[in-house]
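Peer 1: Spelled out from the first residue to the last, the chains are:
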Amino acid sequence: MNQIPHYPQISISLTINGTLHELKVEPWVTLLDLLRERLLLTGTKKGCDQGQCGACTVLVDGKRVNSCLALAVSRDGAEITTIEGLAQNGELHPLQVAFIGRDAFQCGYCTPGQICSAAGLLAEGHTRSRAEIREHMSGNLCRCGAYTNIADAVEDVLMPRIAAKEAAE
Amino acid sequence: MSVGEITHIGRPTNRVDGRLKVTGQAHYAAEYPADDLLYGYIVGSTIAAGRIAAMHLDAARQFPGVVEIFTHENRSKAAWLDRSWRDEVAPPGHPFRPLHSDRILFDGQPVALIVAETFEAARDAGSLIRIAYDVDAHCTELEAKRAEAYVPPEQRSGIPPPPDPRGDAEQAFQDAPVKISRDYRVNAEHHNPMEMFATTCVFEGDGKLTIYDKTQGSQNAQGYVTSVFGLRSKDVRLVNHYVGGAFGAGLRPQHQLFFAVMASLELQRSVRVSLTRAQMFHIGYRPDSYHTVSLAADRDGRLQSIMHDAVASTSHYEDYQEAVVNWSGMMYHCDNVKLTYQLAKLDTATPCDMRAPGAAIGVTALECALDELSYELGIGPLEIRRINFASKDENTKKQFTSKALLECYSEGAAAFGWEKRSPKPRAMREGRELIGWGVSTGMWDAFLQKAQATATLKVDGTLEVATAASDIGTGTWTILTQIGAEAFGLPLEDVQARIGDSTLPMSPVEGGSWTAASNGSAVQAACDAVKHSLFKQARKMANSPLADASFEDVEVRDQRIFRKDDPARGLSVFEVMHAAELKEITEQGKVSPNLRQMLKYTSYTHSAVFAEVRVDEYLGVVRVTRVVCAAAAGKILNPKTARSQILGGVVMGIGMALHEEAMTDHRLGKIMNANLGEYHVPAHADIEDIEVIFVDEKDDKVSPLGVKGLGEIGIVGTASAVANAIFHATGVRVRDFPITIDKILNAPRPS
Ligand code: FES
Ligand code: FES
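One line per chain: the protein sequences are A and B, in this order.
Residue numbering for the first sequence follows my numbering, beginning at 1 and increasing consecutively.
Residue numbering for the second sequence follows my numbering, beginning at 1 and increasing consecutively.
Same shape as in the complex, but just chain A (with noise of 0.2 Å):
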């Protein structure tokens, strides 16, 4: 990153991904252009800057956020995950395999902020059917139309969840 002289830097740590990151940010950076610029996070995508797309959701602490509309310096102390941290150790998350396996997804721009979504959804625990899931999954677009593959795809990893959940019950 260049570094231009008299601009007044923050300090923040981030753990992005399981790492712990000290960094020095000017206030008005966003936590997508953070990631994406200085970091060379760049699976995490920009569609609109404005909060209006969610080409740009992360995890914050658990939680589905889009990175566009958060200052990084506001989260200082956050855990992130981005779709560079769902999978584990080489394996891919359930939901990374659903969408390959039900190609919900074309151009792929979209696919981490509606996998990251996904994510946030399911650890949110309360959708429960295929029309929840398209209710709570309204804040990503897709311009390649892939909603019916996604639902799918959400649906394939949520059912068996619920069902196990039920049982346990």
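One should not assume that every hint holds.
Claimed, not checked - Label-pair restraints from in silico Cβ distances: (1) 138(A) / 399(B): 39 to 49 Å; (2) 100(B) / 138(A): 34 to 44 Å; (3) 122(A) / 12(B): 23 to 33 Å; (4) 414(B) / 69(A): 42 to 52 Å; (5) 59(B) / 24(A): 36 to 46 Å.
Bear in mind the hints are in silico, worked out from the structure with no lab data behind them.
What you are looking at is a predicted structure, and each value in this text was computed from that prediction instead of being measured.
Note that CB positions come from ideal geometry on N, CA and C, so glycine has one too.
Once you've looked at the hints, dock chain B with the ligands against the given chain A.
Peer 2: Same frame as chain A, but now just chain B with the ligands:
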């Protein structure tokens, strides 16, 4: 795996780039790192027509981190002749030249580029620029210019003008017992791929540039750069490995490419320029259009007259054209046809091909009109389409290479349950929701373009296939890998496709649904050529078991070349190459349209689209609850990615029917909803059930692979099927797309 077991063509294979895309490892144009990278930010005009009187740049210049500001006053030298700016798909006219002069031709026209050490500095400095304008009168309203519409004097290459009239359409219309004449409008739409246009221009330091650009044609964009800046072709490499959607917007080079390269050359540094979402509305768009469609039939529903007059918008500097009305002369059998297509100039950017350009709007108007005529006749909307089936292309009098449209009707209707439809509008309901079912035909060209490819068989038995094609979400990576794997009987893992790079063998831009047929056939031809040379080498070997075989007798599979009638008699690829002292065998493949065949035949993809809508009787809210799209598209290389293409087209068609509309304040000449919150594209909640059917269609003439292409057909006919369903549900006919709630509620209530 044993002989003959692997077949890759026709399999629902997962995308080969799937893993990269779901893990965030696929790199798009703005995602390539470069040392000392600078960021460019484009500032656009705030008026639609006039001249720049003065630019106040001091505050922006002093902003920390700003390196340079480029305007028309200090821009670098670029080509002078129009022809140097004309890319492969440019329409007739004077291509737009960023920063060429003080003239403003459209709102949002780029007037300055700020280059800074960080993105934020460039953006923030941009907000400090003040510009004074001498404002000219402008017009952005097509309605106001309709009276001045004209027939474009110069035809756009590749776009057929309307066919000459046949029969006497006016007289036949007068004489027919049943007729309608209606006006339709399809509002301007914007492509809005999720990835915004971006270019990372890497200044390599040895006079060479490596450019990562969002484009549908690496060679088209590379050619533009070299000709505009007078660079040597071998010094400029342009890469577009992954493209985050484009839908036509990436056919022509966009502003950011010019700016990134200009700044890079001037400052001798690497530069990245991205458009903002708002700026994505100031590039090409699907033109606004008005249509008058007049149809007449005898009492049995046979069409006696078809007239379709369309007026579409273009810019002041180019005559953008598409085939809008031609479809009305060939979708149905009719002896009396008159079609006209005119343009009207507005103070906007030049429109740009958007998914199924021309057909998406022209067919929508025709298919709504035909639906209206069917009610007038008391004949079912599916029936009237069957009655008027055209067995040849009546515009050109040529035969179709195949046309399984009747099968689309019957298989689509069966899957949809069409026979349970009540013929009367407003007859089906559930609670406060009125239910309607509509149908439409769809049609799109099955093109074959000139394309080249290479195939390289390596001594370890693996294969590489290469062509400068693009994958904009279409599945090009995957199908080319499949074609290579099929040719050599290899598992997919042993085949590497290479695309998205201007240095690869010649390819047309990725558009028009021709990539699978064209680049796919070129790859297949290259593979064939490699097999031929492998066979030649094998036969030359001492004591070759293939010495007495001819090429037709042998097969290549599992890294062996052997006799089909006796698979034990053969050689491994390794043995052959080793004996010939070769590390690899590379051959070229080429395809081009068969001009002789084209004198007699023409090729199209067809579809039947069935839609169910539910309309809230009190609120006018429309839900599209079911769509069945049955397509006849020749051979399907990969049913999984093929299906996705159709799904995407249908979703965009639903957007056209219900949501998408650029809203311009004509007093200002500005689009007021230039963002994804207010320009609504379909979201998850809007899309319910979509079923895709590929009807069986064998076609040995359309392309060497028998493939027709699928990128556009899904959108054609979808908006009309939805509109027709809304009429069936409500008895209200809205002829102005998108069909928003206000139009449904304000329409006169049916009696
Ligand atoms: S980029 Fe953040 S919501 Fe679109
Ligand atoms: S896959 Fe292209 S936008 Fe969703």
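Peer 1: Evaluate each hint against the coordinates.
Peer 2: Cross-check of the supplied hints:
1. 138(A) / 399(B): 39 to 49 Å: holds, 47 Å
2. 100(B) / 138(A): 34 to 44 Å: holds, 43 Å
3. 122(A) / 12(B): 23 to 33 Å: holds, 26 Å
4. 414(B) / 69(A): 42 to 52 Å: For residue 69(A) against residue 414(B), whose Cβ atoms are near 48 Å apart, the range 42 to 52 Å holds.
5. 59(B) / 24(A): 36 to 46 Å: violated, 26 Å
Hint compliance for this structure: hint 5 is the single one not met.
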